[in-house]
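Below, each chain spelled out in residue letters.
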Amino acid sequence: MKRLLTFLNLALYIIGMYAQEKILLLNEGLWQADNGRLTYFEDGTIVSNQWFRDQNGYKLGDTPNDIIQVNENLIAIAINWSNIVQFITPEGKAVAATEDIPNNRKLCTDGRYVYVTSYGHECETVNGTQYFDKGFVAKIDISNFKVVATCEVGYEPEGIALYNGRLFVANTGGYAMQEDHDYETTVSIINASTMLVEKEIDTHVPNLYGKMSQSGQYLCINSPGDYYEMPASGLIFDCEKALNEEDCYITFNKPATYNCTTLDGNFLAIGSSFSYITGGYEFSYLTINPRLMIESQGELGLEEKLPGTLKEDFVNMDQPYGIYVNPYTGYIYGTDAGSFEGAGYLFQWSPDGQLLGKHKVYINPGHFLALSTNEYIDGIGSINVNENENWVDAMYDLCGRKVKSQQKKGFIYIKDGKKIIYNQ
Amino acid sequence: MPSRHTFRKIVAMFCEHNIRNYYLQAILATALAFVVKASASAQNPNNELDTIKQMHEVTVSVKLPTKTIATSQTLSGADLQALSTTSVADALKYFAGVQIKDYGGLGGLKTVNVRSLGAQHVGIYVDGIRITNAQNGTVDLGKFSLSCMESVALYNANKLDYCQSASEYASGATVYLQTRRPTHDSISVQLRNASFHTWMAKLNGQFNWRGWQGFIDGEYCSSRGDYPFRYHSEYEDTVGRRSNSDIRYGRIEGALFKGGFSSHVYYYDSERGCPGGIVRRLSDKYTNIGREWDRDFFVQASYQERFLKKLLFKANAKYTNESLRYCTNFPENQNTPRVDNHYWQQDVYSALCAAYMPWDWLSFSSSYDIRYSILEADLKRFDDVKRVDQKLVFAAQMNWKNIQAAVSALHQRYSDWTFAHVGAADPLDRWTPAVSLAYTFYGVTVRGWYKEIFRAPTLNDLYYTQVGNRNLKPEYTKQFNLGLEYHCQWPMFNGQCSMDVQADIYQNKIENRIVCLPLKGTYTWSMMNYGYTFCRGLNATLKGHYHTKTWNFSLLTSLTWQRDVDRTDPTDVDMYDKPICYSPAFSSGITGIVGWKTLQFTTSYLYVGERMWSKADPDDILAPYHNVDIKLSYTHNIKKVSLGLCLEVCDVLDIQYEHLPRYPMPGRNYKLTLSFGV
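Here the protein sequences line up with chains A and B, keeping their order.
83 is the number of the first residue of the first sequence in the working numbering; add one for each residue after it.
-13 is the number of the first residue of the second sequence in the working numbering; add one for each residue after it.
Quick caveat, the hints were computed from the structure, so don't treat them as lab data.
Worth double-checking, as some hints may not be accurate.
[What the hints assert, rightly or not] Take a look, some chain B residues computed to stay more than 12 Å from chain A by CB distance:
id : residue
1  : Tyr217
2  : Thr314
3  : Pro419
4  : Thr554
5  : Met561
[Unchecked claim] Stretch by stretch, here's where chain B covers chain A in the computed footprint (C-beta under 8 Å, at least three residues):
id : region
6  : 155 to 165
7  : 178 to 185
8  : 239 to 251
Cβ atoms here follow ideal geometry from the backbone N, Cα and C, with glycine treated the same way.
Using the sequences plus the hints, can you model the full thing?
Below is the structure:
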């Protein structure tokens, strides 16, 4: 009872402190049924399960796959089977859409450009149509929503993350069973400004498919294996190390099918492995400390637990379909896709993992985006903001946002109304 | 790429596999019966003549179970030809309890679902021999033409003839296509032009010579299928033209009959585009470009003979060879997987049936069927699969005074062999029963039946790369039915009037539905046993005919009311006891035919109520639709030459409807056919 009271007190305190939780949730819908939908969830209630339609009067499209915040005024959504990258404002109003990148998969951004991975083989750019044998990454300039550069990577590139001016792209080779190539095992490292491949790291595990979370210099990558002999596994990838040496990742024998980054820089992962040979599943529920894991060469840093009642609640779900931590508030979210033909459910937990509610959403809810309740939106996804650092007075980036995080050498900023190249 | 097996190899493989002992006994028993009968009939010098006469008896005037015991609907002869139909699917949509799934256009896959059992529970039979598809278990009805059919009949549960092959007992519902036996010599040519750049030419030659009857029917058709469509709702106003919806096909078939012997050869070759669902796109730049090539061949023969008035013997044999290619590996495909897959399947089938009638009100029958199928494909991680499917049935029927009864017990055994990675599924070995009872008084028949049957997982379900699941259990159906049937006819004015009324209430349970589901968190799909469906419904039909020397009136109506609910998981409040997708609560059809001499006018009206296409949102419904077709035909005879002209208008109201979400149907379209016959 005492614990409950403490908890209630804490919950009230937290709710009082952070008045608003704003979550956008992408429902994939059914393939070729044109029923991808956007759910808007605010402060414990579903505002709408068809928010995009409500705001714009038309439908979102077929099988949306990823949603990110580009800057405080812009959100990008990759709508896979519609071949559309849709841009909306945080109020949900459509701003622009492009179909220059067919079969688009995942997104990342530096606030100025949006980088998109694609399974397709052609891309409409400002320099004409580009063709690729394998998959590619496209760079969209948000000043005109045109593709300004592309870069060919491996077959069927999936997850993409930006670290230190480089794009880290997980290749899957996901069409291996249908096309004349094998599963990919590599992570491609691309210089984001030149859009040239700098390096390819062979991870020796196939099919680096699905959600890829980033925590500073670390990436959490999933491999479902080949569903036959090669088992499913997970990877922690150190981007900083990867720039210098080959030995930059740790593989562990639990998949990280659905993963996310916590406020303290850890990863939460729900893994599910399946083999067509045995016809059996295996589930795992992990908390990963990437720094510890890399430093200990995989000896430490992996714990089979989730905060609070999360594990229990996920075990009771029909089909877990996503996990997410609100980077602004620490509230935890998860989805259950149910039977895949009926409506899925959104679960909400407090930051310490107490289940707060379960809300009916739409078919196959899988991709989250938390909106900031403050005026400032970080968007880039840097987790460890060091407020105590010695800041140079009021510097702004080219999008006019006040620069809060670590400045990057060689980048252009605005200070005292003038452009400067940061050189320290 | 696997090499293609020859017929010889199939036979060799066939011999390698062990057949269960009692099956051998069954064959021996049947064979023995045949020898006894043969020796008995040898004593009768007029044997052959008798046989022919008796064959007529078999089909026309036998006292044993009349059709009223089975729930059936038939469209035959003039009624069938009067409907505006291009394929078997078009005819079936007028039956009560039938739901058609149609992806739209001439080339769109058309399958039929009876009383919500699912397409794979519906057996399609040509002259009593089942059309099979070992690969996926569904038959595309668009491949079969009505021009050589005498009748199309739908039987819920069993047909209940008294000498049936075991396969005929083995499906939840059966559709019989009866080939027409020519009564005279003729040659006819048909030319058709229809909407959406469709051209068709057909040639038919038939003969009837010294008891031999036969025909050859050939058809070639080409259609661009670029029909316009419109989606108009609160959230969209999409206007477009279907692309990649073209089809070209050639079909040639022939049949030969003599007395109890019938045979059929069929060849079909097609190339078609596979259009996808209409989804949000910013332009027409990316459309589906997948293409499919089909080549189907079968040859079948059946022979039946009666001995000593008490024994009836039938043998069926069939060989099928089908190939399918699906390709998206074209230069213009820059956005979807580049696939080029080939599938080949061969199937050898034979059946022996024997019936014994100790008295004219009682019969016992047994049949043993064996089918050997091979599926080959150039998929990765796939190896040839061979399946031996054996069926044995014991059945008894009686028709004593006003009481009719039929019972049957069917045993099925499926054994698969494969070197595919996952290994072969365990053999499947089950008995299933069926019971029918009927009582007739004052021309009214009251009937009740129960049937339990399963469908075995198809080879795709079990072994398809990355989707197949070798641990699947069979999908069971249990059907209860109670019905009434009344038939009467009386003379009126200068003509004859007849009426048929039928009403059946039914209850179906389907367990262990075989469905394709995404795997928990592994981003791939797999076949699973998931779901339990409970269905209650009412089917009613009313048929009226009136004809005089020059006038001919027909009215055909059907009505279906049903409630299909999901009973899978009682704890799932969103799904449990909620209607299942694609199943309308109410549908009905009315067809009126007016004929005057050789001028004929037909109007058909079909109503299909609203149905859910997903359970996630009450807004996810397919709108109810009304469909009106009209057909006007006139034939002019000059001596022995006949000239015909026929105009059909389908979907007169131009209602844009869908069978599947985002797969629009063509809307109003026209067909003009010229025919010439000698």
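Consistency of the hints with the structure:
no., hint, verdict
1, Tyr217, "violated, 9 Å"
2, Thr314, "violated, 9 Å"
3, Pro419, "holds, 31 Å"
4, Thr554, "violated, 8 Å"
5, Met561, "violated, 5 Å"
6, 155 to 165, "holds (count 4)"
7, 178 to 185, "holds (count 5)"
8, 239 to 251, "violated (count 0)"
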